[in-house]
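Enquirer: Going down the list, the protein sequences come from chains A and B.
When the count follows the working numbering, it moves up by one through the first sequence with no breaks and lands on 236 for the last residue.
When the count follows the working numbering, it moves up by one through the second sequence with no breaks and lands on 303 for the last residue.
Derived from the structure by calculation, the hints contain no laboratory data.
Note that this is a predicted model, so its numbers are computed, not measured.
Every residue, glycine too, gets a C-beta built ideally from N, C-alpha and C.
Take the hints with a grain of salt, since some may be wrong.
[Said to hold, decoys possible] In silico lysine to any residue, SDA-like type, Cα no more than 20 Å apart, as pairs:
1. A/92 with B/112
2. A/92 with B/69
3. A/92 with B/74
4. B/133 with A/78
5. A/92 with A/197
6. A/92 with B/275
7. B/112 with A/4
8. A/92 with B/68
9. A/92 with B/70
10. B/133 with A/79
11. B/133 with A/92
12. A/92 with A/149
13. A/92 with B/103
14. A/92 with B/71
[Stated by the list, open to error] Facing chain B, from chain A, some residues (calculated, C-beta under 8 Å):
15. 8
16. 11
17. 12
18. 75
19. 78
20. 81
21. 82
22. 85
23. 86
24. 88
25. 89
26. 107
27. 228
28. 230
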Amino acid sequence: MNTTIAWITARGLFGRRRFLLLLPLPVILVGMAGLGWAIGQSADLAGPVLVGIGVAVVLPVIALIVGTAVLGSEIDDGTIVHILTKPIPRWKIVLSKLAVAFGVSGAVVAAAMFVAGTIVDGVRFGLAFAAASAVGALAYSALFLLLSLLTRRPVLIGLMYVMIWEGLLGNFVSGTKVLSVQQYVVSLADRWAATELVTGTVSMGVAVTMSAVFTVVGTWLAINRLRLFSVAGETS
Amino acid sequence: MTTLDLTGVSRWYGNVVAVNDITMSLGPGVTGLLGPNGAGKTTLLHMMAGFLAPSRGSVTLDAVPTWGQPEIYRRLGLVSEREAAHGFLTGWEFVHASAKLHGLADPRAQAKRALELVEMTEAQDRRLSTYSKGMRQRVRVAAALVHDPAVLLLDEPFNGMDPRQRMHMMSLLHDLGEQGRTVLFSSHILEEVEQVSGTVQVIVAGRLAASGDFRTIRRLMTHRPHVFAIQSNDDRRLAVALMGLPSVAGVGLGKEGLTVHAGDYGSFTRELPRIALSQGIRVRRLIPSDESLESVFSYLVTA
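Required output: the full structure, derived from the provided sequences and hints.
Expert: Right, here's the structure in full:
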């Protein structure tokens, strides 16, 4: 972890207009939960709002925007050169970037989940979802950080993973759930909240192990990828 | 003393060979890397800077390969061509951050020294996005120099600079070379290289075309055969007269006038008016037809 890299990354993240995209999603999540509470249907909305909107959309989209921006935007505009020309081990660069991505997306999503969950079914429910989303944010951040090193279109590929693999296939082909961060988050929230309002589809063991695998393998691959990162000349 | 050695370095992308079997050794002093656009200068610089693995051959900094070795950046600085800088940082923040990333003992003092070196202390509190191209370039040089590297590589450093900034950058590079640093800069402009560096490496189409002392190369360039297109009121008679000159190697007669291959630039241009005058021929047009830099370079390749 290098504080200077983290500081520049955070400055870059908050200085970009894309960052404003982070605002509406948590507002929608909390707004929907509030609406359910106002009409007295909180319990019925637990699944559709917290899982359907919160875990399936808000968490991955925010993690995607932040996770692909911390390193991807520097690769895009060429400023990555400034960090690469320093005698810093590549793992430190990746971990600093990951820390910022996780810190920002985890904080934003966990806060929104906590508020929405508390409105729906009390503080324990809120805390369970906040904690589970934070775990999810870490796994997603590692995955999307890696994507930004593997492809020039990390947002597109990340969206395809979230929408098609997790969103679509996850509903029809049960085997894909083992490789779906979304499912781990739901299972963890289910376990920690200990209510009947939501039900996870993968076991606790799978959820914990696979979240760790996503995080560790994603980070490890990203470090190796950055070690062999080539900066080509302007060919256009 | 730090030397950067390239041994049989090639780099290709698929079927395209960007750099072809280049061997050179760079020692203290300023060296110019001269070549037309697309000759492979940037690819070569990126391999020197450890940003790109050579497809074949080796690039070493004091016998240590530059590829995949972040530690070399303690002794090497790079100013890339792409005008990439964090626009949201001020000049001071940018250079100070570089000093901290290098893990220097006193980053503030080093950043201050580097900014003074490039004369950017006055504008150091403005954001990089408000700088002119030349100012941004100088701040990037400051960031590359902040750790006092033995080797400094610059890709097209004079691009976009006004004449005063250019002069200043030239004298800065000159001073750095005098201090015993190994400085290499790329350029596609002959005059830039002439003013700054004594040693030149010329690359054309990925190959090392000429290398060594600038004056020798300059002489090669001016004493090469020239081609002129000439139009006059009596092309045929002029052609006959020109063939008598020892400086003329061949004359072609076409619809558009004459194409003259002269062996020596100086004597031909002196003798042409004399011949025309004595024959009573009016010369309407005289165009040196291969003065583009590319033709100068391609001559060097065959020489």
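Enquirer: Next, verify each hint and record whether it holds.
Expert: Hints versus structure:
1. A/92 with B/112: 26 Å, violated
2. A/92 with B/69: Judged against 20 Å, a Cα distance of about 14 Å means the pair holds.
3. A/92 with B/74: 17 Å, holds
4. B/133 with A/78: Holds, because 16 Å separates the two Cα atoms, which is no more than 20 Å.
5. A/92 with A/197: Violated, at roughly 41 Å.
6. A/92 with B/275: Distance of about 75 Å is beyond 20 Å: violated.
7. B/112 with A/4: 18 Å, holds
8. A/92 with B/68: 15 Å, holds
9. A/92 with B/70: Holds, at roughly 12 Å.
10. B/133 with A/79: Given pair residue 133 of chain B, residue 79 of chain A holds - Cα atoms ~16 Å apart, limit 20 Å.
11. B/133 with A/92: 32 Å, violated
12. A/92 with A/149: It holds: about 15 Å lies between the C-alpha atoms, which stays within 20 Å.
13. A/92 with B/103: 13 Å, holds
14. A/92 with B/71: 14 Å, holds
15. 8: The hint holds - residue 8 of chain A has a Cβ within 8 Å of chain B, the shortest such distance being about 6 Å.
16. 11: 6 Å, holds
17. 12: 6 Å, holds
18. 75: 10 Å, violated
19. 78: Hint holds; residue 78 of chain A Cβ to chain B Cβ min 3 Å, cut 8 Å.
20. 81: Where the cut-off is 8 Å and the nearest Cβ of chain B is about 5 Å from residue 81 of chain A, the hint holds.
21. 82: The hint holds - residue 82 of chain A has a Cβ within 8 Å of chain B, the shortest such distance being about 7 Å.
22. 85: At 5 Å from the nearest chain B Cβ, residue 85 of chain A passes the 8 Å test, so the hint holds.
23. 86: 4 Å, holds
24. 88: With a closest approach of 6 Å, the residue 88 of chain A hint holds.
25. 89: Holds: closest Cβ of chain B sits about 6 Å from residue 89 of chain A, inside 8 Å.
26. 107: Check failed: Cβ of residue 107 of chain A comes no nearer than 21 Å to chain B, outside 8 Å.
27. 228: 7 Å, holds
28. 230: Since chain B brings a Cβ to about 5 Å from residue 230 of chain A, closer than 8 Å, the hint holds.
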